[in-house]
Amino acid sequence: MVLLREKEQEVTLTMNEQPVMVFKDVVKVYPLPAGDVTALDDISFQVERGEFISVMGPSGSGKSTLLNLMGCLDTPTSGDISISGTRIRDMSDVELTNLRRDRIGFIFQYFNLFPLLNIIENVTFPMMLKSQKAVDPEKGKEVLRSVQLDDSLFTHTPTEVSGGQQQRVSIARALINDPDILLCDEPTGNLDSKTGAGIMDLMSELNRKGTTIIMVTHDSHIAEYSRRTIRIADGRIVE
Amino acid sequence: MIFWEIAKRNIRIHMLRSTLAMLGIVIGVVAIASMGILGNSLVSTVSESLSSVGDSVTVSPYSGGGGGMMGGGGGGGTSVNLKLSDQNFQQIKRAVAPNVAIPVLSTSERMKVGVGSDDIVATIYGVDPQYIPDLKLVLTAGDYNNGNSGCLIGSTFAEDHNIKVGSRISIGSDGEKGTLRVTGIIEERGMSFDLSTDNAIVATQDWFDNTYNRNDYDQIIVKVKEGQDTADVKTIIEKQLNKRDKIVSVMDSKATLATIYSTFGMVTTFVTAIGGISMVVAGVSIFNIMMMSVNERIKEIGIMRSIGTQKKEVMSMFIYEAAIIGVIGSIVGGILSIVAGYLISALMLGSTKYLITMANALSVGEGICFGIVVCLACGIYPAWQAANLNPIDALRHE
Numbered sequence: 001m002v003l004l005r006e007k008e009q010e011v012t013l014t015m016n017e018q019p020v021m022v023f024k025d026v027v028k029v030y031p032l033p034a035g036d037v038t039a040l041d042d043i044s045f046q047v048e049r050g051e052f053i054s055v056m057g058p059s060g061s062g063k064s065t066l067l068n069l070m071g072c073l074d075t076p077t078s079g080d081i082s083i084s085g086t087r088i089r090d091m092s093d094v095e096l097t098n099l100r101r102d103r104i105g106f107i108f109q110y111f112n113l114f115p116l117l118n119i120i121e122n123v124t125f126p127m128m129l130k131s132q133k134a135v136d137p138e139k140g141k142e143v144l145r146s147v148q149l150d151d152s153l154f155t156h157t158p159t160e161v162s163g164g165q166q167q168r169v170s171i172a173r174a175l176i177n178d179p180d181i182l183l184c185d186e187p188t189g190n191l192d193s194k195t196g197a198g199i200m201d202l203m204s205e206l207n208r209k210g211t212t213i214i215m216v217t218h219d220s221h222i223a224e225y226s227r228r229t230i231r232i233a234d235g236r237i238v239e
Numbered sequence: 001m002i003f004w005e006i007a008k009r010n011i012r013i014h015m016l017r018s019t020l021a022m023l024g025i026v027i028g029v030v031a032i033a034s035m036g037i038l039g040n041s042l043v044s045t046v047s048e049s050l051s052s053v054g055d056s057v058t059v060s061p062y063s064g065g066g067g068g069m070m071g072g073g074g075g076g077g078t079s080v081n082l083k084l085s086d087q088n089f090q091q092i093k094r095a096v097a098p099n100v101a102i103p104v105l106s107t108s109e110r111m112k113v114g115v116g117s118d119d120i121v122a123t124i125y126g127v128d129p130q131y132i133p134d135l136k137l138v139l140t141a142g143d144y145n146n147g148n149s150g151c152l153i154g155s156t157f158a159e160d161h162n163i164k165v166g167s168r169i170s171i172g173s174d175g176e177k178g179t180l181r182v183t184g185i186i187e188e189r190g191m192s193f194d195l196s197t198d199n200a201i202v203a204t205q206d207w208f209d210n211t212y213n214r215n216d217y218d219q220i221i222v223k224v225k226e227g228q229d230t231a232d233v234k235t236i237i238e239k240q241l242n243k244r245d246k247i248v249s250v251m252d253s254k255a256t257l258a259t260i261y262s263t264f265g266m267v268t269t270f271v272t273a274i275g276g277i278s279m280v281v282a283g284v285s286i287f288n289i290m291m292m293s294v295n296e297r298i299k300e301i302g303i304m305r306s307i308g309t310q311k312k313e314v315m316s317m318f319i320y321e322a323a324i325i326g327v328i329g330s331i332v333g334g335i336l337s338i339v340a341g342y343l344i345s346a347l348m349l350g351s352t353k354y355l356i357t358m359a360n361a362l363s364v365g366e367g368i369c370f371g372i373v374v375c376l377a378c379g380i381y382p383a384w385q386a387a388n389l390n391p392i393d394a395l396r397h398e
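Protein sequence lines correspond, in order, to chains D and Y.
With this note's numbering, letter number 201 in the first sequence gets 201, and the count goes up by one each step, no holes.
With this note's numbering, letter number 390 in the second sequence gets 390, and the count goes up by one each step, no holes.
Warning: the hint list may mix true and false statements.
[Claimed, not checked] Computed list of lysine to aspartate or glutamate pairs in DMTMM-like fashion (alpha-carbon distance at most 20 Å, straight line):
(1) Y/Lys-239 with Y/Asp-86
(2) Y/Lys-299 with D/Asp-93
(3) D/Lys-133 with Y/Asp-86
(4) Y/Lys-223 with Y/Glu-238
These are computed hints drawn from the structure, not numbers from a lab.
Between the sequences and the hints, there should be enough to build the whole structure, so can you do that?
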């Protein structure tokens, strides 16, 4: 019995110590009629559990391609990507979609909430995808409260609340399935500086509680909230 | 499920557009189902008129190619001098036994009902009274021929000229061919292969022979007994009489009925197909609306895919939308097609008694099913296109 418990602890420890994301010699080439374009060239890095990383770089440096690969929206031309120990290279579309649903939370610059659904439905949408049935909205309410959204707004549609509140809803939606990583694409890019600072404080708070965050941004002030910065230029990591 | 809810809300939010799409389906279903109802009612109406004579084989002189002239025959006012002789009748009678062969004389004649009335032109049949029961002439008033100058008249003829049992009809422009006394009125029979009695007089054969100096026949009706095939009887007569030359034309009522039903069936199919054109137009409209819906929601599809929505789930959302439009439009169309079928039957056939039939229920059901199938078929490609959008491109879409 004692041996079994020790074994369980060992497995848990192994899972927790495993990097959340590993990029190894990743190359991404877009074949175009005018000639192949190498968007990412031999990228290697790893993200440990609980990290808060910002990815910075000028336009055309390969940030979006990197974000698409990290979000399993695309697959590399060569090299390997692992998410929580799972290699994505040979995965089918169905498997990649399930990986996005279960392991990754997306936060977009323009919030990207569903206008036909109210706030609680937006937040519980990924839960419904996972369970394939109607879900108890209580968990959605809990997560919304944890991102400091007032209860009175839960039944409103996204267009009826402010940009900052929409981004909080978007963060709640990203967190609802307890993902391993939060991927943020310019999360404050569409907000005023005060609201943006509030959102970044919230993300820092989430990170302190253990959430792994990778954030793509142009804004060096916003990048200061992260604990590590990956700088990228011409498809290569430069720092 | 959430995708069903999204489909419903998207229809609600674009209510005008969705209603117009449904209207197209409503029109398509009404066109198909009401044309089907009209066709079925038409067939039912004709069937009622013809079904009672489905056991007859009618033999008449062959009129094609100049052959088959036989028998002498007084003119008696007939315009075509083609007759069947008594010898022909005897041959047929022997050949078809134990079925009954009924010789019939006929002519078109002027007549007067009452003093000073206008001339009427009607058909007079000459039939031996012994065969009246075999012809299954049902009387609504009076009795079978009573005496040589007694006659039966059709119900329409009686109504149109206000003739009752006991009335007298003067035959000929000046009554020069004698007088017939009405002894009975025949129930309405509609169209018929043997005797069309509704607007005619059925006199005795003796009266006809004496009046028109006839010793031949215009047609011979064979009443085929139950359990025997009219086609077999037709073959027997043709073998017997048309051995060398074709001298008689033989009409098998069942085969003719089958041809008529087949023709009506084709007409029904044709008019239904014309109705189907409006369904095709409705389908194009649904397709267009679904494509618009997909194009408006590319970004939304990209977001859904990026947060873990499977392709089949995206596809189901658009299929639900097409299905909702199809089911509501088709059911409304089905209900309205009953109303349209009622109006069309009332206006074109003058009767709605055949509206509630299994065939009409099937027509409405087919129209509804066709409407739903068209909607789903027209929703499949847009749904497939939505599901197969590249999530990265869809997310970038503005």
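Do the hints match the structure? See the list:
1. Distance check on the hinted pair: Y/Lys-239 and Y/Asp-86 sit about 18 Å apart at the alpha-carbon level, within 20 Å; holds.
2. Proposed proximity of Y/Lys-299 and D/Asp-93 is supported: the alpha carbons are some 19 Å apart, at most 20 Å.
3. Distance restraint check for D/Lys-133 and Y/Asp-86: the Cα-Cα separation of roughly 88 Å exceeds the 20 Å cut-off, and the hinted pair is therefore not satisfied.
4. In summary, the hint linking Y/Lys-223 to Y/Glu-238 is supported, as the alpha carbons are separated by about 16 Å, within the 20 Å threshold.
Hint compliance for this structure: hint 3 is the single one not met.
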